[in-house]
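Protein chains in written order, with numbering that gives the first Met the number 0: chain A, 0 to 127; chain B, 0 to 329; chain C, 0 to 339; chain D, 0 to 558.
In short, the hints are calculated from the structure, not lab data. Keep in mind it's a predicted model, so treat the numbers as computed, not measured. A hint or two may mislead.
To be verified - To spell it out: a stretch of chain A is covered by chain D in this simulated footprint if at least three of its residues, at any positions, have a beta carbon under 8 Å from a beta carbon of chain D; those stretches are:
#1 94-101
#2 108-118
Said to hold, decoys possible - Here are some of the chain B residues that sit facing chain D, going by a computed Cβ distance under 10 Å:
#3 Leu85
#4 Cys200
#5 Ser205
To be verified - List time: in silico DSSO-like cross-link candidates among lysine-lysine, alpha-carbon distance up to 30 Å:
#6 C/Lys180 - C/Lys201
#7 D/Lys554 - B/Lys63
#8 D/Lys291 - B/Lys65
#9 B/Lys63 - D/Lys547
#10 B/Lys297 - C/Lys201
#11 B/Lys63 - D/Lys349
#12 B/Lys310 - C/Lys256
#13 B/Lys227 - B/Lys310
Don't be surprised by glycine CBs; every beta carbon is placed ideally from N, CA and C.
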Amino acid sequence: MADHSHGATAGDGHAGGHGDHGFAHTTPLSLLIGILAVLLVLTVLTVSVTSFDLGAQGNLVVAMVIATVKAGLVVTYFMHLRWDRLFHLILFLTSVLFLILFLSMSITDRSEYDRDIESFRASQAQAK
Amino acid sequence: MTSPLLLLQPAQTPLHLPERTTFWMPLDASVTAADIDWLYMFMIWMSVICSLGIFAAMLYFVMKFKAGPRSANETSEPSSEHNTALEIGWSVIPLLICIALFVWGFQGFVNLRTPPKGALEVHVTGQKWKWLFEYPHGTEDVLHVPVDRDVRLILQSADVLHSFYIPNFRVKMDAVPGRYTDLWFRATAAGEFPVFCAEYCGTAHSDMLTRVKVHEPGGYEKWLADVKKELENVPLPQLGKLVVEKQGCLTCHTTDGTPKIGPTWKGVFGKAEQLSGGATVNVDEDYIRESIIDPTAKIVDKFPPSMPTYKGKLSDRQLSGVIEYIKSLK
Amino acid sequence: MSDPTPQAEPKSEGSTPRPAAVADAKHAGNGHAQADEHHGHSEHPFLAHHFDTPQQQFEAGKLGIWLFLLTEVLFFAGLFCAYTVYRAIRPEVFVYAHYFLDTRLGAVNTCVLLLSSLTAAWAVRNAQLRQHKHLMVNIVITIACACTFMVVKYFEYSHKVHDGLLWGPNFAPKEQVWELKTFKDKHPEAAEYAEKLAHAAKHAEKAPAGAAAAPAAHGAAAAPDAHGATDEPSEPLPKPTLEQVEPLVAAGLVGEKAESPIGVSRPRNAHVFFSIYFFMTGLHGLHVLIGIGIWIWLLFKAKRGVFGPNYFGPIDYAALYWHLVDLIWIYLFPLLYLIH
Amino acid sequence: MTSPSTTADVVAPKTGSGSDNYLVHDKGFLSWALTLDHKRIGIMYLASVLTAFALGGLFALILRTELLSPGHTIIDHDTYNQMFTLHGAIMVFLVIIPGIPAALGNIALPLQLGAKDVAFPRLNLASYYLWLLGAICMLTSLVMNAADTGWTFYAPYSTTTETAVAPAAMGAFILGFSSIFTGLNFIVTIHKLRPPGMGWFRLPLFIWALYSTALIQVLATPVIGITLLMLTVERLLHIGIFDPALGGDPVLFQHFFWFYSHPAVYIMVVPGFGVIGDLIPVFSRKRIFGYKFIAVSSLAIAFLGFLVWGHHMFVSGQSTLAGSIFSAITFLIAIPTAIKVFNWIATMYKGRIHLDTPMLYALAFLWVFTIGGLTGVFLAVMNVDIHLHDTYFVVAHFHYVMMGGAITALLGGIHYWWPKAFGRMYDEKQGRFGALLVFAGLNITFFPQFIMGSRGMPRRYYNYLPEFQDLHRLSTIGAYMLGLGFLMTAFYLVRSLKSGRPAPANPWGSRTLEWTIPSPPPYYNFHHAPTVTRGPYDDYDTLVYDEKIGGYVEKTPSA
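Work out the full structure: start from the sequences and follow the hints.
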C-alpha cells in the first residue's frame, strides 16, 4: 500500500503545461458513448442471468463479476483513470483492498463463533 | 457445626484478595496460572533490561555530549548517519523475541480456550449487576466448585455485555447476550477468591462482585447434599426470603415500603393494585405467580416493564416459598 | 535572484495585497480545488494564490477528490460489511426478502444512473472544449436523471411502507411471500403447497379449540426437511415433491430457520434485510441528493461561462463524485435485487 | 546523498517581529473567524484543543479524587460513569486526534514545505468549524444527561441506556469529518506543493509522520463514521444490527469500532514521532541517524495499524483463529516502533546536546514511550492478555503511550514552534521546570496503575477492594502533580505572549525551511518557494549563534 516509492517528481507542480490549449486529456465522445452501450448491455445481461439457476453461490459470483466489470469500465474510462496518474489508481485500489480486508476478517470471525449463537438460540427455544 | 442456614447465606465477611506471594500477581490458584505468571515475569525482565539499556544510553549520551552555551558554537564531530548492519540488528532481534512470545502466548491461549472433556459444567448468567449460577437444586449467587477438578463455566448474559473475571485463576471471558461463551479452570487451592465484572455494564458495574468458594475434596458434594436437604424442609417463608436474595429480586423491589425500580412488597398482599392499563387487580397468589412467570402480563401503574422472566428458573416449591414470603411482609 | 529550474510561465513579481477571502459557498462536502475569484496571476483568472500553474491547481484538486472518493468507498464499506456478514450467516432471510423487491424498477434505476454518468463525463469534455451550451445541456440531463432516480426510489419506498416491509419491530408484511406474483412466477407449485400448509395450520388451530390443543398443533405440518413427509391429522397432504418444498426451505418459510415450527411462516429476524436495505439505499439516495445540489451549483457557474481548458476542475471533480455514486449503485443493485 | 551545502537562496531573514506579519496583518474578529491563512487556523486549533484538554483534564482530576477511597468520596456512581466517558471522549476525539496534526501541523507543515498555504485553504477552515460543531455536539451531551457508555460506545449497553448517547456519537461523527479533511488537505499539500529540489527523502521527518497520519485519517475515519451512524440509528429506530434481541451481534459492533480505533491510536502517536524526529537532530546539532528507516517506519506503522484491531477483543467472544492472526501481526508493529526509538538515540551519539525545554520533552517522550511500547507487548501476548484485559494495566499502558507519547510530543512541539508562531521566547527556566514536573507527575500517576492492573484491579471501577487503596492514593497524588505541571506551563506560555523576549528567526539553529523566514512569519510566508539543495538536518555547522538576537544566522563566507 505504501506509495512512498512512487512519489511525484520533486515540485511536479512546476512542470510546464503543454502550451495554451490546456493540459487536460479530453476523452473522445465516441468512446464515452461506446462505454455506456457496453454498460447497458451488461446491466441487461446481469438481470437476465438471474432466471437460470447456477448452483449454490453461482448466481452471486456471476452477478459480482458482471458488477466488477461494469465498475472497472466506469473507473477506467468515465473516471479517466486510464490517462491519469498511476497514483490515483493506487489510491482507489487501496480503498478497495481495505474494504476487502475489513469484510474478510469480520466474516471469518463471525462464522467461527456462529455455532455458539445457534446453540444458544436452540436451547432458548427449548426452554420456552 | 454452623447452622445449615448459614451454608445457604453468602458469608458476610467483606470480599478480599487472598495474600499475595509475588509483587506483581495475585495468589495463583489454578492450573493455568503458573504458565501465565512465568511468561509475565519473563516479559517483565525483558522490558526492564530493554528499557534500562535505552535509558542508560540516553542519559550517558546526554551527559557525555552535553553542549556548552550556544554562543560557543560547538559543532558535533562527524559520525556516520547510516549503518545498515545496526538497523538490521535491532530489527531482527526484537522480531525473534516477538515470535517466541507469540508462540508461547498462543499455546497458552489455545489451552485456555479448549475446555477439557468431562469438566464439571455450571451455567452462569450475568445480568445487570449480579452473577447467577445454576445448580441442580436451584440458582446460587456464589460459585461453589470442588478443588483439583476441571470446571467449565458456560456464560450467557441477560441484558448487556459483562465479563466474568477471576484474577486468582487468571481467567476472564465476556458474557455476551444472545450467545454462549465459556471458560474453564481447575482450582488448585481451596478457599474463597473474588470474582469481578470486567466489561463496563452500567451504574453498579463495580458492585457486580461475587466469590468463588473452592471446597476441599468431598466438601463440594457435602455442600450440595446439605443445600438440597435444607431446601426440602426449611419453612416456606424462609425459603422464599433466601430465593429472593439469591435471585437478585432486591435490586429492584424492596420490603420496607419505599418503591424502587419495581413496586415494594410491604403490605402488598391482598391490596388492589392499579395496573398500567387502567384496570385494577387484587394481589393474590395467582397474580404473584403470573407476574414471576410472565412479568409483563399485568404491570403495576407507573413502573417500567423491565423485569426479566423467571420461568424455568424457580422450582414450584421455591415459587410458593416466594409467595409465602411476600404474604409474610405486613 | 536566480531561479535554477526554468519556470513554465514568467510570474508577476512582488506580493500583491492578498485578495479578501471570498468564502465560496462551497460546502465542505468534497475537497476539490478552491478557486478564488481574483488573485495575483493575471492571465489565469481562476488560479489560487498559493498555486503556481493552473495544472498544479487542477492536479491538486484531482488528488483531493480522489482521496475524498477513497473515504466514500470506506464509508460504504461498513454497510457492505454488515450486508455480507448477515447474508453469509442468514442466506434464507435474503432469499425470502428479495421477492418483495421489484427488479424492474431496480434495473430502470441502474440504466438511469448509467446514462447520467455518461452525461457527466460528457459535460467534462464540453467544459474542456469551452462548449458552454452543450455543457449546460449535459448538466441539466444529469440533474434530470438524478431526479428520476429519486422519484423511482420514492415509489419503491412508499410501496414498502404501504406493505409494512419496514425494519426492526415495525416489520409486519401485509401479504405473505407465497402470495406474491414474483414468488408465484418462479415457484408455482411451491406457492400452492405453501397455501395448503397455511390453510392446514389455520384449520388445525381452529378445529381443536377445546381440550387437546397441543397434540393437533404438534401434528400439523411438523417441520418437513427437504424430503420428509408431512403427516397431517385432519386430511393428509400428499407427500410434497422436491420443487414444492425446496424453495420454501430456501426462503426459510419452513424448517428450523422459520419463526414458528408449525405451519408456514417467515424466517427469523427477516426484518434485518429491510434494515440493511433501507440503510444502504437511503444513504446512497442521500449522496444522490448531495450530487444534485452540486450539479445545480455548477449549472449556475456554467451559465457564467467560466469553464475552459485551463479551468474545468469543479466539473471534473463533480463528475468523479457522480461516477462513484453510480459505482456504488452498480454494486447495490445486484446485491439487493438479484438474489438467487 | 546530500550535495555540497550552498546557502538556502532566501534573503537573510529580518530579525524581530517584522512590521507586517500574519498576526497583525488583519485586525478584528472576522479577520480571524473567516481567515484562510493556515497559520491562523493552526493557532485557533491550538487554542481550542488546549481548552478541550483543560476540560478533559478537569474530569480526570475529579475521577482521581473520587478514587481516593473505595465507595463514595465526592460523586456517586452515575456521575462517575459519565465523567470517565466524557474524559475519554474529549481526550480522544477533541484533543489527541486533532492535536498535533491540526494545531502544529497547520502551523508548521506549509512553512516546512516553503509553500504559501495548504492545498485547500477553505477546506482547512471548514475542518476547523467542523471541529467546533463536533465539540458543541459532544458538550450538549454533557449538558443533557451525559453519556455513560465509555468512549467505546459498546453495544448493547449504548443502544439501551437512557443517557444522551446520540449527541455524543454524532459529535464524534462530525469530528471524524474534521479529521478526514485535515488528512486529505495534508496529503495533497505534501504531494503537490513541495518546493523545487525537495524530493521525498528531503522532507523533514515531521512531514513524513503527518503524511502517514493523514493516510490513516483518510482510510480509517470513514468506518467510525458509519459505525456511529449505525449506532445512533440502532438507538433511535431499532434496526437490529447490533441488538441481539433483533438478530444483531454486539461483537460485530466491536469489530466495526476497533477497525477505526486501532488505526486511530496511531493517528494519535505517529505525529508525536514526527515532532520528536524533528527535535532530536536540532537539539543534538547532528544529522539524524537512519533517516530513511525512520521515514519508512512511519508508513509501515500506518499500514500495519490496519491489520491488528482484534487484539482489543481477545476475551470478547472473538474466535481463537481471528485472535491468533491479530496477535501475530500486532508483534510486527513493535519492530518499526523499536527502529524509531533506537535511531533517535543513535542520533544523540556524538552530538552537541542542548537541554532546552523541547529537548527535555523529547527525552521524556523517549523514556515514557519506551515503557508504554513495551507494556503493549504484554497485551499482545494472548494468554497474558486474558488476565490483563480490561484492568488498570491497560489503562496505564494507553496513558503511558497517549499522555507520555502524544501529549508530551504536543508540548515539545508547542515549545519548539512557539517562537516561530508568536514571535516571542518563553521563559526557559520555567519551561524546564514545567517539563520535569509533567514527567514526574506522569510517572507517579500511571506506574502504580501497572501494579494495580496486574494484581487484578478491573477498569472503570467506581468502588474497589480496599487493598488497592494506597496505590490509588499514590496515583491521585501524581495526577495532581500532572495538573499542576500543565497549569504552570499554560501560565508561563501565556505570559510570554506579552512579556517574552522577541524571538529571532532561528532561535534553535534548525535547518528546516520554516526557520528561514522571520518569526512571526509574514502572512504570505515565502515570496516564492525556496529551492532546496540539501536534507532537512544537514550543515548545522554553517550556522553561527548571534548573541544579540539570541538566534542562529547564516555563517557569512568571509567570517
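How the hints compare with the structure:
| no. | hint | in the structure |
| --- | --- | --- |
| 1 | 94-101 | holds (count 4) |
| 2 | 108-118 | holds (count 6) |
| 3 | Leu85 | holds, 7 Å |
| 4 | Cys200 | holds, 6 Å |
| 5 | Ser205 | holds, 4 Å |
| 6 | C/Lys180 - C/Lys201 | holds, 23 Å |
| 7 | D/Lys554 - B/Lys63 | holds, 27 Å |
| 8 | D/Lys291 - B/Lys65 | holds, 26 Å |
| 9 | B/Lys63 - D/Lys547 | holds, 29 Å |
| 10 | B/Lys297 - C/Lys201 | holds, 29 Å |
| 11 | B/Lys63 - D/Lys349 | holds, 8 Å |
| 12 | B/Lys310 - C/Lys256 | holds, 24 Å |
| 13 | B/Lys227 - B/Lys310 | holds, 20 Å |
In the structure shown, no violation is registered for any of the earlier numbered hints.
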